[in-house]
Structures are given as structure tokens and as C-alpha cells.
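Given next are the chains, with one letter for each unit.
2 protein chains.
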Amino acid sequence: MRLIVIVLCVLVIGAAFSAISQAPPQPAGPEYTKDGLLNFPKDYRQWVFLSSGLGMTYGPAGNTDGAGNPRFDNVFVNPAAYQSFLKTGTWPDKTVFVLEVRRSQSKVSINNGGRVQGELLALEVEVKDASRFPTKWAFFDFSDTFQAKAIPATAGCYSCHREHGAVDNTFVQFYPTLNDVAKVKGTLRGNQ
Amino acid sequence: MRLIVIVLCVLVIGAAFSAISQAPPQPAGPEYTKDGLLNFPKDYRQWVFLSSGLGMTYGPAGNTDGAGNPRFDNVFVNPAAYQSFLKTGTWPDKTVFVLEVRRSQSKVSINNGGRVQGELLALEVEVKDASRFPTKWAFFDFSDTFQAKAIPATAGCYSCHREHGAVDNTFVQFYPTLNDVAKVKGTLRGNQ
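One line per chain: the protein sequences are X and H, in this order.
Each residue of the first sequence is one higher than the one before, starting from 0 at the first, in numbering that gives the first Met the number 0.
Each residue of the second sequence is one higher than the one before, starting from 0 at the first, in numbering that gives the first Met the number 0.
In case anyone wonders, no lab produced these hints; they're calculated from the structure.
You may find that some hints are simply not true.
Claimed, not checked - Anything over 10 Å on all C-beta distances counts as not near chain X; from chain H, calculated: (1) G28; (2) Y31; (3) D34; (4) K93; (5) E118; (6) P133; (7) F141; (8) Q146; (9) P151; (10) A154; (11) K182.
As the list claims (entries may be wrong) - If you only want the chain H side, here are some residues facing chain X, beta carbon under 10 Å, derived: (12) W46; (13) S50; (14) S51; (15) G52; (16) M55; (17) P78; (18) Y81; (19) Q82; (20) N110; (21) C156; (22) Y157; (23) C159; (24) R161; (25) H163; (26) F170; (27) T176.
Quick caveat: nothing in here was measured; it's all calculated off a predicted structure.
We put the CB at the ideal spot given by N, CA and C, even for glycine.
Chain X on its own, in the form it takes in the complex (with noise of 0.2 Å):
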């Protein structure tokens, strides 16, 4: 009898973890070296997709390359802030974002008009973490590594998400599906 219940168990461990090992990767938030860099979410293409933009002006990537086409934004959050944000209307802590620049282009196979999304330019993370941040949201740009220290208080992205930011420091109003939320939970900020 008890080796009946032992297998059982095992068989029922198994496929249990089974089924978690299938599952994508489940970042619980923003992780750091031991001396306080954060670490790059390698798998945030496999996070939630906010939406994206094409030669947005605002921001620290600027509008255009050097050749003079826009970029594209792409915007990506972790899926468990995203899980928490449907229910809320805002982030919790350890909310992670990842902003993703890219060169766009026209002329590729059939395409005759329009941009479609080329080569990387640039990657940037945004964090609220209230213990580590007096400021409790931080910025980093990995653009040339996968450990970072963040950005000074003083830069122009912190002022400008903290009095834009149509959802606590963030700019939902540019993500359709988020902002209909956030008008549904009543945490819009108007006039932004």
C-alpha cells in the first residue's frame, strides 16, 4: 500500500512539473548582481507586448537614425505585472519593462510601402522597485551590456514619466489595451 501511494505521487510530481517546465519563462521581477547591477531579461520577447510606436518623439532613443527613418518602439512587460495590472489598473513592485528600438525599413520582399521592423538599435529597461530606489521607479539602458547600474534621478527620463506617465509613472496612454483597463479601474490620470 505504501509503495502504491509513493508511485502515485511520483507520477503525479511528475507530470505536474512537467507541465511547469512547458510553460514559458515566469521572470517574478527585476533580479541584480551582487553588487547591485541589474541583470538583462534575456526572454522579455516572451513577455506581455504593450504595443509599439513608429518615430515617436518623445524618449531617449530619438525618432529617426542617422539615414533619417524612424524607429520603431516596442514595449514589453513582465507577465506577472501584466497579470496584476489587469486586475488593478496599476503596477505592483517589481513591475519590469522593456523598451526595444529598432530600425525600420521599407522595400523588403513584397513589401512596397510602409515600414516594417529591422535591426536592433537600442534596448532600455524601466523597474519600480520601492526598497532599492528612492524614486522607486529606475531606468537602464542596455544597449551595449547585459549588467547595468541605473540611470542618475536627475535624467530627463525620470521627470518626464513622473509627470507623463498616465498610469504611475508609465505611459499607458500609448498602449490601447492597458489605457481601456486603467479607464475601466478608474487609475487613469487625466490630461496627460
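On the provided structure of chain X, position chain H as indicated by the hints.
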């Protein structure tokens, strides 16, 4: 002793299933009604984002709205198919793509140039299901419904994807990260 084993098993199983329940939805593939209609995958915004384009000229949705604004195309794929593509450079049976078409707008909040995403305009789905469709891949229009039958195989989307898809009926040439994977795996068709 037997009691301890049982209690331990219950605790471990509980932890494992708790981890599963926190994971985002993991659709195994396309789901159909009894009548053979495809159910719209409502959680697609939590799937894996592949890329966006603005004003692209191919495809059934055209490139501008009635007011002359170019449209954004966002493409998502189900996570299981994405994981398989990373390993093999091609799509497994039961792959599901969602094409989301959105209005673009310029003057929104602090954005003074370029384009950001707005209102949803159209939803289309491409499914690989060899046992169900003689063409292996089938297309569906979900712009006005949550359950749809396949678009007839004589429609232009079938021949266009078949002739110009860089990998197995899909426009991987427009998805920068997967284009790189296909190059490494040797699955990219040339001259598409």
C-alpha cells in the same frame, strides 16, 4: 511514516499546481466548435509578439483607413509554437497566428511626431492544422465574430502566403528575431 509521505506529497503537489496556476494561459493549439468553426483565441495578447509594421501594402486589411492614416499590423503566435520554432526553425502542426490591425494616430499626449497605436480595426487568424485543412494552413476573419469558418482556399491570402512566405507559409522575413533563428537553422527560403 506513511502519513509523513502522504503529507509531503500533498505539499509538493500543491506547490507544483500553484506554480502552474500562476502561469499565463497556454493554449495547446486551435480550438473548434462542434460545427467545425474556429474559436477566437481570446488570450492572444498574452501570446508571443513577433513584430509590427505600419502601412504595409500586402495583406487583406489594406494600408490606410478611410481618413488616409496608415494602419499598424501586430502579429502574435501561440507560445507552444514559438518554443518549437526556436528549436527547429519552422512551425509545428497546430500553430496559431493572430494578426491584429489597429488605427495609427499622431498627436496623442506628449507625442508630437511619428505614429502610435489606437483603435482595433481587424482581427485575422492563420492556423496550421494538416488533419483538418487540405491546404495545411487556413485563414479566418474574426473582425466581427468570435467563431469563424475558414476563408475559402481560393482567396488571395492562401496563394500569397504559399508563394512568398519565407518559412512554411508565414512571413518570417518580417519578424526580425525569428528570421535570425531560421537563418541559423537553415529553414529560410531565399528570394521571398
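Evaluation of the provided hints:
Against the 10 Å criterion, G28 (chain H) stays outside the reach of chain X, whose nearest CB is about 13 Å from its own CB. Annotated as non-interface, Y31 (chain H) keeps its C-beta farther than 10 Å from every C-beta of chain X; the closest such distance is 22 Å. The Cβ of D34 (chain H) lies farther than 10 Å from every Cβ of chain X, with a closest approach of about 30 Å, so its non-interface assignment holds. At roughly 14 Å, the least C-beta separation between K93 (chain H) and chain X is larger than 10 Å, which holds for a residue marked as non-interface.
With a minimum CB-CB distance of about 7 Å to chain X, E118 (chain H) fails to clear the 10 Å threshold, and the non-interface call is violated. A cut-off of 10 Å between C-beta atoms confirms that P133 (chain H) is not in contact with chain X; the least separation is 25 Å. No Cβ of chain X comes within 10 Å of the Cβ of F141 (chain H); the nearest lies about 16 Å off, and the non-interface call holds. Residue-level check passed: Q146 (chain H) sits 22 Å from the nearest beta carbon of chain X, beyond 10 Å.
At roughly 22 Å, the least C-beta separation between P151 (chain H) and chain X is larger than 10 Å, which holds for a residue marked as non-interface. Remark: the non-interface label on A154 (chain H) is consistent with the geometry, its nearest Cβ contact in chain X lying 16 Å away (cut-off 10 Å). No Cβ of chain X comes within 10 Å of the Cβ of K182 (chain H); the nearest lies about 14 Å off, and the non-interface call holds. With a least beta-carbon distance of about 9 Å to chain X, the hint placing W46 (chain H) at the interface is held under the 10 Å criterion.
The criterion of a C-beta within 10 Å of any C-beta in chain X is met by S50 (chain H), whose closest approach is roughly 5 Å, and the hint holds. For the restraint placing S51 (chain H) at the interface with chain X, the shortest Cβ-Cβ distance is roughly 4 Å, inside the 10 Å limit, so the hint holds. Annotation: interface hint on G52 (chain H) holds; nearest CB of chain X at approximately 5 Å, less than 10 Å. Given the 10 Å rule on beta carbons, the hint for M55 (chain H) holds: about 5 Å separates it from the nearest Cβ of chain X.
Given hint, P78 (chain H) at the interface with chain X, holds; its Cβ is 5 Å from that chain's nearest Cβ, closer than 10 Å. Taking 10 Å as the C-beta cut-off, the interface hint given for Y81 (chain H) holds, the closest approach to chain X being about 7 Å. Residue-level restraint check for Q82 (chain H) holds (minimum Cβ-Cβ distance to chain X is 7 Å; threshold 10 Å). A distance limit of 10 Å between C-beta atoms decides the matter here; for N110 (chain H) the minimum to chain X is near 5 Å, and the interface restraint holds.
Of the supplied interface hints, the one on C156 (chain H) is violated, with its beta-carbon coming no nearer than about 13 Å to a beta-carbon of chain X, more than 10 Å. Hint status for Y157 (chain H) relative to chain X: violated, with the closest Cβ pair at about 15 Å, above 10 Å. A least Cβ separation of about 8 Å between C159 (chain H) and chain X falls short of the 10 Å threshold, and the interface hint therefore holds. A hinted interface residue such as R161 (chain H) counts as satisfied when its beta carbon comes closer than 10 Å to some beta carbon of chain X; here the least separation is about 13 Å, so the hint is violated.
The interface hint given for H163 (chain H) holds, since its Cβ lies 5 Å from the closest Cβ of chain X, which is under the 10 Å cut-off. A least Cβ separation of about 7 Å between F170 (chain H) and chain X falls short of the 10 Å threshold, and the interface hint therefore holds. At a threshold of 10 Å, the smallest CB-CB gap from T176 (chain H) to chain X is about 6 Å, leaving the interface hint in force.
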